[in-house]
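Given the structure of chain A, go ahead and fit chain B onto it with the hints provided.
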Amino acid sequence: DTGVSQDPRHKITKRGQNVTFRCDPISEHNRLYWYRQTLGQGPEFLTYFQNEAQLEKSRLLSDRFSAERPKGSFSTLEIQRTEQGDSAMYLCASSFSGTNNEQFFGPGTRLTVL
Amino acid sequence: EDQVTQSPEALRLQEGESSSLNCSYTVSGLRGLFWYRQDPGKGPEFLFTLYSAGEEKEKERLKATLTKKESFLHITAPKPEDSATYLCAVQSSGTYKYIFGTGTRLKVLA
Numbered sequence: 006d007t008g009v010s011q012d013p014r015h016k017i018t019k020r021g022q023n024v025t026f027r028c029d030p031i032s033e034h035n036r037l038y039w040y041r042q043t044l045g046q047g048p049e050f051l052t053y054f055q056n057e058a059q060l061e062k063s064r065l066l067s068d069r070f071s072a073e074r075p076k077g078s079f080s081t082l083e084i085q086r087t088e089q090g091d092s093a094m095y096l097c098a099s100s101f102s103g104t105n106n107e108q109f110f111g112p113g114t115r116l117t118v119l
Numbered sequence: 011e012d013q014v015t016q017s018p019e020a021l022r023l024q025e026g027e028s029s030s031l032n033c034s035y036t037v038s039g040l041r042g043l044f045w046y047r048q049d050p051g052k053g054p055e056f057l058f059t060l061y062s063a064g065e066e067k068e069k070e071r072l073k074a075t076l077t078k079k080e081s082f083l084h085i086t087a088p089k090p091e092d093s094a095t096y097l098c099a100v101q102s103s104g105t106y107k108y109i110f111g112t113g114t115r116l117k118v119l120a
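As given, the protein sequences belong to chains A and B, one line each in that order.
First residue of the first sequence? That's 6 in the numbering used here, and the numbers climb one at a time after it.
First residue of the second sequence? That's 11 in the numbering used here, and the numbers climb one at a time after it.
With the rest of the complex left out, here is chain A (with noise of 0.2 Å):
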């Protein structure tokens, strides 16, 4: 195994538009949480999900932002309707209940809107 991966790396899309992306964890791995990171911040916590399940969500989070993770496996992230301040970097990672909650992170999706 590889790692976290991401797709797609960088996403260019017109405010308005619905963009959608996906995140890949370690297979063995349980746990799953999505971020956000703009310029010189830390990355900003967005969900987790535990397998399957969704099981907490920031209070931040407009509700243009759903996200999904099918059987426990893959989750995907969909904004709709997206603004210009939704540019950002989307941070995924994954980590295994048990260990020293060790997240491994991948290598983000970049997305600008114009």
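Derived by calculation from the structure, the hints in this document are not laboratory data.
Keep in mind it's a predicted model, so treat the numbers as computed, not measured.
It is possible that some hints are incorrect.
[To be verified] Cut-off 16 Å, straight-line C-alpha distance, at most; resulting in silico cross-link-like pairs (EDC-like, lysine to aspartate or glutamate):
hint: 1; chain 1: B; residue 1: Lys117; chain 2: B; residue 2: Asp49
hint: 2; chain 1: B; residue 1: Lys69; chain 2: A; residue 2: Glu107
hint: 3; chain 1: B; residue 1: Lys52; chain 2: A; residue 2: Asp12
hint: 4; chain 1: A; residue 1: Lys76; chain 2: A; residue 2: Glu33
hint: 5; chain 1: B; residue 1: Lys79; chain 2: B; residue 2: Glu27
hint: 6; chain 1: A; residue 1: Lys16; chain 2: A; residue 2: Asp91
hint: 7; chain 1: A; residue 1: Lys62; chain 2: A; residue 2: Glu83
hint: 8; chain 1: B; residue 1: Lys67; chain 2: A; residue 2: Glu107
hint: 9; chain 1: A; residue 1: Lys76; chain 2: A; residue 2: Asp29
[What the hints assert, rightly or not] Just a few of them, taken from the derived set where beta-carbon distance is under 8 Å, the chain B residues facing chain A:
hint: 10; residue: Pro54
hint: 11; residue: Thr59
hint: 12; residue: Phe82
hint: 13; residue: Ala94
hint: 14; residue: Leu97
hint: 15; residue: Thr105
hint: 16; residue: Tyr108
[To be verified] Far from chain B by the CB rule (all over 12 Å, computed), these chain A residues:
hint: 17; residue: Lys19
hint: 18; residue: Val24
hint: 19; residue: Thr25
hint: 20; residue: Arg86
hint: 21; residue: Asp91
hint: 22; residue: Asn106
Just so it is clear, CB atoms sit at the ideal spot from N, CA and C, and this is done for glycine as well.
Same frame as chain A, now just chain B:
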């Protein structure tokens, strides 16, 4: 509200010049404190997890320590390849989310 503050924002060191990065935190109950390294354009890379005051972890030139209010990342005799942004994060009891600080940008000059 859970909060993480890192200082300094940026640090320039000469190769071999040891220093420490600070992470101050306030949480309702600490489940864990985490240190990550992030290189430009990449996702963070896990370094350490600390669970209780007095705990210490070491890896190569890095040593992380934890008190009830803050954590330090000590860098001994740094090399240029240690240049990166170092992020601190906390997870509090009763939640799954991680709260990250804004990081310390470290530049080590040869």
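A quick look at each hint next to the structure:
Of the pairs offered as hints, the one joining B:Lys117 and B:Asp49 holds, with about 11 Å between alpha carbons and a cut-off of 16 Å not exceeded. For the hint linking B:Lys69 to A:Glu107, the alpha-carbon distance of about 15 Å falls within 16 Å, and the restraint holds. With a C-alpha separation of about 14 Å, the suggested pair B:Lys52 and A:Asp12 falls inside the 16 Å cut-off, and the hint holds. For the suggested pair A:Lys76 and A:Glu33, the alpha carbons sit about 13 Å apart, so the restraint of at most 16 Å is met.
For the proposed pair B:Lys79 and B:Glu27, the alpha carbon gap of about 26 Å is over 16 Å, so the pair is violated. In summary, the hint linking A:Lys16 to A:Asp91 is supported, as the alpha carbons are separated by about 12 Å, within the 16 Å threshold. Proximity of A:Lys62 to A:Glu83 is assessed by CA-CA distance (about 14 Å); at most 16 Å being required, the pair is judged to hold. Simply put, B:Lys67 and A:Glu107 have alpha-carbon atoms about 14 Å apart, close enough for the 16 Å limit, and the pair holds.
For the hint linking A:Lys76 to A:Asp29, the alpha-carbon distance of about 12 Å falls within 16 Å, and the restraint holds. Because the beta carbon of B:Pro54 sits about 5 Å from the nearest beta carbon in chain A, less than 8 Å, this interface hint is met. Interface restraint check for B:Thr59: the shortest CB-CB distance to chain A comes to about 4 Å, inside 8 Å, so the restraint holds. Interface hint at B:Phe82: violated, since its Cβ lies 18 Å from the closest Cβ of chain A, which is beyond the 8 Å cut-off.
Using the Cβ-Cβ criterion of 8 Å, the hint placing B:Ala94 at the interface with chain A is not satisfied: the shortest such distance is roughly 13 Å. Given hint, B:Leu97 at the interface with chain A, holds; its Cβ is 5 Å from that chain's nearest Cβ, closer than 8 Å. For the restraint placing B:Thr105 at the interface with chain A, the shortest Cβ-Cβ distance is roughly 7 Å, inside the 8 Å limit, so the hint holds. For B:Tyr108, the suggested interface contact is upheld, since its CB lies about 6 Å from the closest CB of chain A, less than 8 Å.
Its beta-carbon lying about 24 Å from the closest one in chain B, A:Lys19 satisfies the requirement of being farther than 12 Å from that chain. With a cut of 12 Å on Cβ distances, A:Val24 stays outside the contact zone with chain B, its closest approach being about 19 Å. For A:Thr25, the non-interface assignment is confirmed: its Cβ lies about 19 Å from the closest Cβ of chain B, beyond the 12 Å cut-off. The claim that A:Arg86 is not at the interface with chain B holds, since no C-beta of that chain comes within 12 Å of its own (minimum 25 Å).
Against chain B, the non-interface label of A:Asp91 holds: every CB pair exceeds 12 Å, the least being about 19 Å. Not every beta carbon of chain B lies more than 12 Å from that of A:Asn106, the smallest distance being close to 5 Å; the non-interface claim is violated.
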